[in-house]
Amino acid sequence: MNKYCSWRACWRRSAISSLENTGHVRAQYRWGALFSHVGKVPWIPIILLAPVMVWGLFGPWMWPHEPTAIDFAARLKPPVWLEGGTANHLLGTDQFGRDLLSRLIEGARVALIVAIFGVFLAALVGVAAGLAAGYFGGVTDNIIMRIVDVKMSVPAILLTILIGSAIGAGVTTVVAAIAITFWADYARVVRGETLSLKERGFVELAKVADCSHLRILTRHILPNLQATIVVLVTLQLGRALILEAAITYIGIGIQPPSSAWGLMISDGRSLLSTAWWLAAFPGFAITATVLGANLLGDWLRDALDPKVR
Amino acid sequence: MGSFIVKRLFLAVITIVGVSIIVFVCARLSGDVTFLLLPVDATEQDIRNIRQSLGLDQPLWVQFMRFVAAVFHGDFGESIKYQVPAMDLVVARIPATVQLTLSAFFISIVVGIPLGVLAALRRNSVSDWTIRSVAVLGQSMPNFWIGLMLILLFAVKLQWLPSSGRGGFSHLILPAFTLALFGIAAIMRVTRSSLLEQLDMDYVRFLSSKGLSARLILWKHMLRNAIIPVLALCGVLLANLIGGAVIIETVFNWPGLGSLVVESVVGRDYPVIQAAVILTSVFLILLNLSIDVAFGVVDPRIRYQ
Amino acid sequence: MNMIDSQAKRTTTVSQDPPAFLHVDNLRTEITSRRSGRVVRAVNGVSFRLERGRILGIVGESGCGKSMTAYSIIRLLPRSARTVGGCIELEGVDLLALREGEMAKLRGTRIAMIFQDPMMTLDPLFTIGDQLSEPLRKHKGLSGGPLRERMLELLRQFSISSPETRLRQYPHELSGGMLQRVVGAIALAADPELVIADEPTTALDPTVQAQYLDLLDSLKKSRDLSLIIVTHDFGVAARLCDDILVMYAGRAVEKAPVEAAFDTPLHPYTQALLKLVNLSDTDGGDHFVTIEGSPPDLSEPIEGCPFAPRCPHKMPICADEDPPEFAVGSGAASCWLYSEAAT
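The listed protein sequences correspond, in order, to chains A, B and C.
Under my numbering, the first residue of the first sequence carries the number 1, and numbering increases by one thereafter.
Under my numbering, the first residue of the second sequence carries the number 1001, and numbering increases by one thereafter.
Under my numbering, the first residue of the third sequence carries the number 2001, and numbering increases by one thereafter.
Misleading hints may appear alongside valid ones.
Claimed, not checked - Capping the alpha-carbon separation at 27 Å, the derived lysine-lysine pairs in DSSO-like fashion look like this: (1) C/Lys2140 <-> C/Lys2105; (2) C/Lys2314 <-> C/Lys2275; (3) C/Lys2138 <-> B/Lys1220; (4) C/Lys2140 <-> B/Lys1220; (5) C/Lys2140 <-> C/Lys2221; (6) C/Lys2138 <-> C/Lys2105; (7) C/Lys2220 <-> C/Lys2140; (8) B/Lys1220 <-> C/Lys2105; (9) C/Lys2221 <-> C/Lys2138.
No lab work stands behind these hints: they were computed from the structure.
With the hints as constraints, model all of the structure from the sequences given.
This is the structure we're talking about:
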């Protein structure tokens, strides 16, 4: 490819990354800088993410009611501050009298597990692919980048539907969908950085010293990608949560009677006119968590590499 | 330019083949279709017959070649639910999806670019800060949920707009706007950062050193240069909008491709899903190809290659 | 206290002279890092004078503030930089006091600028003709036939071959040397009197460099231009300039006519730089000579003379007090070595 084509490729890539909110992350990482950033603790992300972390880890000790406990006597109670609400059900109840707050707390765990598993799987596959493509180049690179192209030309949600229809609805589908949707981002970024690291002195030296490829990759290149990967993982946790909720909303994700947030919104849709809180609060929970992850990712990116745009 | 197009075309064909491999593999993974076609009390012989008639007894690569040939002719098989060709079902739904997606795309551009320019020109001001915060917040909300909240507000509480279905212009407003929110945020961000990047470029300083007015430099030179990354974004954005439309159509019961696909996945109507995925992908691949060519029109550096 | 003292001395020495064409006095420009908020004093009290028809060369290592000085004069600093003090007078008009609109009127017509990399200087999306026509339309009110005539004439003046074709071409279709000529033609289109060139030949091939310098020289003579050439290359300075200003750590450490600067350099920094040039010339440049140590961090306050830690003639006073400017012969140097000579 001539240089103008690669310019175009750059534009497209930068466009993609800004669109997907992953940003451009540089190779040099500065964990030390984290400490100089200690003066500026990211309070907003911490406050936004605290509920989901605490709820996810200690949910069973925290919910005021059993999330699945049906109580027909207390059906469709509004939140406590509205007329007819009770302090017994702070955020109200659904058509079966299940406590909304308790269900939100249970949903936090589902959200955490699914997003973390999915994103880590994506990182595993994507980093391996990116390393291979960038380090070995040639045919390997071509094949991997063509697969990335193919992935990019099918919208994530259609790919998910394809997978969902192949292996059926459920947690596995959600995790697979998240992994398949996000691996390509790691592959692209890691490939780019590996390409530039490969030219650096210490990698050349390792080659001269007759290190094995595996050793060069794991000892010399991978450690330099830590910051990049950490930032990418954080930013993608938020996007994974949204994808998970969307998949669940259209019915090929997590199935009832689980309290996944996407499922709760989907349940609340038919009761929108009578019990708006059922659809509203899970959405707030998702928004807060995703916003927290995004802001934390931005903070990490700034802290680890001051040269990043 | 000619060889550039040929090369892109070649890559596009490879990508299309890749997509069909994925669809084919997923079809195999989805299990034995014979059970969906046969009554429960079918005999061994029945099963063998139908497998033979479907070509399932052939080696995998033969099956794949047949699949590709069939796809090439637009034959995706019959919808299991409706018993009509899957292709016809999908094609019938395309206009609704195109209407929704293009409206959202149009809104994204018309709102996103001016907001981005405004934010860049008034950088670090209150309006810049507000625009950027709303964009960050908007990108953190699931769009189907925003859709529901808009329905709650405008359809249920205020009763200004219909909550679902396709009809007049009023039906289009809520789904198109919901779908566009993401695009507005994305276009605005790229426009802003791209324009700010131009500010420190030498060519802009040289234009100032010629004594040209700031207005001329902005509108004639900087915007045109800044728009290139935005153009690059448009292809990706359309792909995202088409994906997003699947969910939004479900939320608003918009009778497009998306709601058809979601309906089919619940009924495991694989031929329909297959047709929709392949048609969408081919469309997106061709779209990206034409955007590459469009780059040549805006940017003379490519035109002469 | 010391700093204020010495700056006061500088100011008084300069303002006693008769008014010059361009008079820069105690110019101070700061760059604020966007992320860390640290302030770098890129230009720290630079003063000099430039007469009509003369060429001043500002030389120094990268990061010494020479480009920032140039950008400060035409007031085209990057967003992160700001001129915080001093004055710049062009024939008695203080440029720093002008409003942006008034300054814009001077750009192109009185002051013009040529940048380092011609590939980055022109807008890639417009033809040469379009970009050349802009200043002519704006400042000369030309259009149609006369405009075209004038454009072709300008291109010919800058020895650009087949000017008719050039007008229709885009920047990326031309070679670097040709482009830098085009940039020159555009910069001089509206007949400015002062041209500031920031490393005008650095991005060009060595063979083309010489041609370009000759072109600048002949233009200066035919148009009675004043030029400021910012360069790190003593060869360029020696070839073209009448006067030399040596900068170090944001200060003007030596000012002298070109012959004096090269034959009898005053400041130890200039001496060290020239020794480097001579050494690498005689060795064919294949061994690396450097001045020991590195320039000071300009975001930290500097005690005494900024060059003191690297200076072979360091005296006790150097570490404590920033030297003022001492006139020596035809030139001047900010160095305590000349303290007796001045008094």
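Verification of the supplied hints:
no.: 1; hint: C/Lys2140 <-> C/Lys2105; result: 12 Å, holds
no.: 2; hint: C/Lys2314 <-> C/Lys2275; result: 18 Å, holds
no.: 3; hint: C/Lys2138 <-> B/Lys1220; result: 14 Å, holds
no.: 4; hint: C/Lys2140 <-> B/Lys1220; result: 20 Å, holds
no.: 5; hint: C/Lys2140 <-> C/Lys2221; result: 23 Å, holds
no.: 6; hint: C/Lys2138 <-> C/Lys2105; result: 10 Å, holds
no.: 7; hint: C/Lys2220 <-> C/Lys2140; result: 21 Å, holds
no.: 8; hint: B/Lys1220 <-> C/Lys2105; result: 19 Å, holds
no.: 9; hint: C/Lys2221 <-> C/Lys2138; result: 26 Å, holds
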